[in-house]
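Chemist: Sequence:
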Amino acid sequence: MNVTSPLLELPLMAVDRDRVEVALRSAVRTPDAYLTEIASHLIVAGGKRLRPVLAVAAAQVGNDGAVSENVIQGAIACELVHLGSLYHDDVMDESTTRRGVETVNAKWGNLQAIVAGDFLLARASEIAASLG
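Whatever position you read off the sequence shown (first residue = 1), add 616 for the working numbering.
Don't take every hint at face value.
Below, computed lysine to any residue pairings styled on SDA-like, alpha-carbon distance capped at 25 Å [as the list claims (entries may be wrong)]:
1. Lys723 / Phe735
2. Lys723 / Ala682
3. Lys664 / Glu710
4. Lys723 / Gln676
These are computed hints drawn from the structure, not numbers from a lab.
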């Protein structure tokens, strides 16, 4: 059963979700194409993006629909923490699939999954710290 959240029906939610997706993909780009590919793996696979949606919804409700770039950056920092923890969780659980795709550890190995998870967590910290 596919349930749609009423949060997704807030004014401009689709626009701000697109902003989150663009910022999320941009946040994990590095000069190292291999690391970028691994770090982007679950982002490309999709997901509900519940954490960013909640941040955007709170901003929309509290600011008459206006969502600042700082809110978007805070939202992606939260999502990157979540993704990094999923990478590590998949190693611990020896999972082979997540979100309908092969897990990073199953596709590239445990070491790569741990390093990519650490990168996602570090990137989240960097983004959060930049917000003041």
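Chemist: Against each hint, give a clear statement of whether it holds in the structure.
Modeler: Okay, the hints, checked on the actual structure:
Between Lys723 and Phe735 the alpha-carbon distance is near 18 Å, which keeps this suggested pair within the 25 Å criterion. With a CA separation close to 40 Å, the supplied pair Lys723 and Ala682 exceeds the 25 Å bound. A threshold of 25 Å between alpha carbons decides the hint, and for Lys664 with Glu710 the separation of about 23 Å falls inside it, so the pair holds. As the CA atoms of Lys723 and Gln676 are separated by approximately 39 Å, the hinted pair breaks the 25 Å bound.
The structure fails hints 2, 4 (numbered hints given earlier, in ascending order).
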